[in-house]
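Student: Which chain is which? The protein sequence lines are L and F, in order.
Under this note's numbering, the residue at position 303 of the first sequence is numbered 303, and the numbers go up by one with no gaps.
Under this note's numbering, the residue at position 235 of the second sequence is numbered 235, and the numbers go up by one with no gaps.
Worth double-checking, as some hints may not be accurate.
[Stated by the list, open to error] Derived BS3-like pairs: lysine-lysine, alpha-carbon spacing no greater than 25 Å straight-line: (1) 231(L) x 451(L); (2) 319(L) x 273(L); (3) 324(F) x 56(F); (4) 330(L) x 136(F); (5) 369(L) x 56(F); (6) 71(L) x 121(L); (7) 387(L) x 369(L); (8) 273(L) x 136(F); (9) 451(L) x 338(L); (10) 451(L) x 396(L); (11) 159(L) x 83(L); (12) 56(F) x 387(L); (13) 121(L) x 257(L); (14) 209(F) x 372(L); (15) 11(L) x 71(L).
To be clear, the hints were calculated from the coordinates, so they are not data collected in a lab.
These numbers were taken from a predicted model, which means no experiment stands behind them.
So you can see what is in the structure, the chains are spelled out below.
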Amino acid sequence: MVAETHDTILKLDDVTKVYSGIVAVKHASLELRRGAVNVLVGENGAGKSTLMRMIAGVEKPSLGRILLEGKEVEFNSPADAQKHGIGMVFQELNLFGNLSVAENIFATREITRGLRGIDHKAQVQKANQFLDKLDAGISAETMVEDLPIGQQQLVEIAKAISLDTRILILDEPTSALSAAEVDILFKVIGELKAQGVAIVYISHRLEELMRIGDYITVLRDGQITGQAMVKDIDTKWIVRSMIGSDAKDFAKPLDHKLGNEAFRAEDICLPRKTGGFAVDHLSISVRAGEVLGIYGLMGAGRSEFFECVIGQHAHSTGKIFVTGEEIAAKDTSTRIRKGLALIPEDRQREGLVQVLSIASNLTLASLEKFVKFGFHIAGDREQSAVKEQVRNLSIKAPNPDFDVTSMSGGNQQKVVIGKALMTNPKVLLMDEPSRGIDVGAKADVFRTMRKLAGEGLAILFSTSDLEEVMALSDRIAVMSNGKITTILDRADATEELIVKAASEGHKSAGHTSTREIA
Amino acid sequence: MTTATSTEKAPAADSGSILLTLMKLRTFIALFAVIAFFSIFAPNFLSTANIILMSKHVALNAFLAMGMTFVIITGGIDLSVGSIVGLCGMVAGGLILNGIDLQIGYTMYFNVVEVCLITLVVGILIGAVNGLLITKLNVAPFIATLGTLYVARGFALLSSDGQTFPNLVGKPELATTGFGFLGSGRIIGLPVSIWILIVVALAAAYVAKYVPIGRQIFAVGGNERAARMSGIRVDRVKMFVYMFSGFCAAIVGIVISSELMASHPATGNSFELNAIAAAVLGGTSMSGGRGTIGGTIIGAFVIGILSDGLVMMGVSSFWQMVIKGIVIIVAVVVDQAQRRLQQQVTLMQLAKKG
């Protein structure tokens, strides 16, 4: 295959996408080549998905043009893009669990027989053809909800193929697939390539990119920082382009002595619905005043681990200790009272009550502290506590009685942090604390984390940002496939070690030797 | 109308637009509109006797609507309140008339206070059954309370074989007299049921604002998952609201039996719908998280005055239903419009700040 002959099918010309206040993509130009795998890498929030959503018609660029075979086009909806032969398999699956595989594949373009309605037989037959091509081993009549996630992903891919796409975008298609399924997928990609389909492949797994990719584009902070042929580069180049050299505003680590062990988790296990473990016999310990960064890719089990610790999964097993004392109670209320606090990853769904005011959100978890005579909330005490918290975290709120949704994402995140801090925790679990907030707020959040650690709190935070985990952590644990694959001191940690460990869990599925006790 | 004004929260004064303020006060405006309309067109509408009579009618619905408000704020619904009214009426009537046969030749009678307490406990227990079905067995609130609607009504009918318990005056030698006081007695000129309403309404409004469980009711309805993550015992909050709703329904059962001095097993049929209407009219959001006790009480007054006034004007009951339906729909349409406007104003303020 001579790479130079690949011609451009779609071109993004100097596109910019702005969301309320946040620039997700800055002046990016990108060419997609026919009959090749165009790889896109970058950290979470670098703008990969936004870029692809613009190509797939989900979003419209704020500035710039999209050229399809040299002609300027405008996609108003995903259906528009589909008409032009662009299909996308989203990272979060878009399937109807209550419908059969065939019905999902032919949703919105059912095969009908005039007045006699949908021709289910023909649909099943055709769907089976597509599925056979994928070697999926799925019957088109199965309900989607009865399939394991990996197979659902294949259904999604079959659906995209059935559209006769010229450009197929795969957003982290392998994050839920087993090694065998990945091989099948790569075979299919090879076939599609031979047919002249332009494939866009987004993934965090570097060795996969090296194996399948032809062209590579690296994104950082909404800008394209590197473009090359895959055969000309190595993983080191990718990591360098992903991370860049200009440092972000991280708070300087304060020098303080670490205290005794504040938190220990022993053998935490959470079975996954579709088999296997989301959290796989995980043990870890953190000392007072220590910041432990947990690095991992999406689906590594970081959020699930935190949820197990705070008591959101009734069927999880394992032991939790706070300052040496075991917490047997499984419910969240007791665990919070014993000194654990969680700042959830999804602020909107799990952190905030949108209808309540800023003040009510702040005190939600610690209301009992303000109660007089056993039932009365003392308004003055609550207010002064709210004011203190607003000042400590520099929350920019004109009036704490306003709706919490009237503030920017960064300030909302500070409210969620404030809510957790008002329960006076000894151990703070932060799940992607910098996700979806602007640079200034990020710096504030990091400074707060440093300060809290200095005050003797044990902090566990998860992130998929390499730079962040390197700069903030005293120790770094890397999670992959529900296991901790390695634990490094800050001094010993290098980016390459971390990136390598982040995909290790998938390889050594049979071994349990990766289990480590810190 | 004392209750209405005394429990209404002061409207937030931060809105920049007059229209928005008007919309926020819509339930108040509707209340004044119906009062003004009927004082002109319905004869004797403003006479003291009529106002007291109307208040007594309104009070019944207002009790149910308060319980319903808390339930709806958590994102649920309670269809069983009408049947609880019927069953609790029968419990109270049966206890006064027949007592409890202990099967050993003795029959146990209770005085009126004890009868009322037992009846209230029955109401709370049915609410607890609703709560358990919803929290522990994961039955959708609509279905769970639909089930208890039938069960409670069935038991009410079974208790007397469909007959009325008549003439609940009680016997002096058994110390069961005095039941009529709740329904027809007066304290300082106001009917007893109104006094009870004032007490319960003030307590409910206080709970909503100053007691942790009140805040938690809003949190659960606003974002159940976030509430759980914040350590709120969601199941306990839900149990509370359904039990409170059962408690309110039991009060209504007692008051109606006492007013009529008789208990009929079909009492309270379709009361739940009026209660939902009053809550919604008062600004309670069916999707949870929003609502006030004060608003609900005003809503109950609007609906009550509307139907009584129309009766006094001689409008046919068929037209009354049409009008009531339209009022409810308009109320919700305005509610939605206000929310959109509010969002726009907030966004504009944010934009101005930069």
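Student: Work down the list of hints and note, for each, if the structure agrees.
Tutor: Going down the list of hints, with the structure as the test:
In summary, the hint linking residue 231(L) to residue 451(L) is not supported, as the alpha carbons are separated by about 46 Å, beyond the 25 Å threshold. Our distance criterion of 25 Å between C-alpha atoms is met by residue 319(L) and residue 273(L), whose separation comes to about 21 Å. Only pairs whose Cα atoms come within 25 Å are accepted, and residue 324(F) paired with residue 56(F) is accepted, the gap being roughly 19 Å. For the given pair, residue 330(L) sits about 16 Å from residue 136(F) by alpha-carbon distance, which is consistent with the 25 Å threshold.
About 41 Å separates the Cα atoms of residue 369(L) and residue 56(F), which puts this hinted pair outside 25 Å; it is violated. Our distance criterion of 25 Å between C-alpha atoms is broken by residue 71(L) and residue 121(L), whose separation comes to about 40 Å. Of the supplied pair hints, the one linking residue 387(L) and residue 369(L) holds, its CA atoms being roughly 15 Å apart against a limit of 25 Å. As the CA atoms of residue 273(L) and residue 136(F) are separated by approximately 21 Å, the hinted pair is consistent with the 25 Å bound.
For the proposed pair residue 451(L) and residue 338(L), the alpha carbon gap of about 22 Å is at most 25 Å, so the pair holds. Simply put, residue 451(L) and residue 396(L) have alpha-carbon atoms about 19 Å apart, close enough for the 25 Å limit, and the pair holds. This hinted pair checks out: residue 159(L) and residue 83(L) have alpha carbons roughly 14 Å apart, not beyond 25 Å. Between residue 56(F) and residue 387(L), the direct Cα distance comes to roughly 45 Å. Violation of the 25 Å bound is thereby established for this hinted pair.
Distance check on the hinted pair: residue 121(L) and residue 257(L) sit about 70 Å apart at the alpha-carbon level, beyond 25 Å; violated. Straight-line distance between C-alpha atoms of residue 209(F) and residue 372(L) comes to about 14 Å, which keeps the hinted pair within the 25 Å bound. A C-alpha spacing of about 9 Å is found between residue 11(L) and residue 71(L), which places the hinted pair at or below 25 Å, so the restraint holds.
Violation of the numbered hints given earlier is confined to hints 1, 5, 6, 12, 13; the remaining hints are satisfied by the structure.
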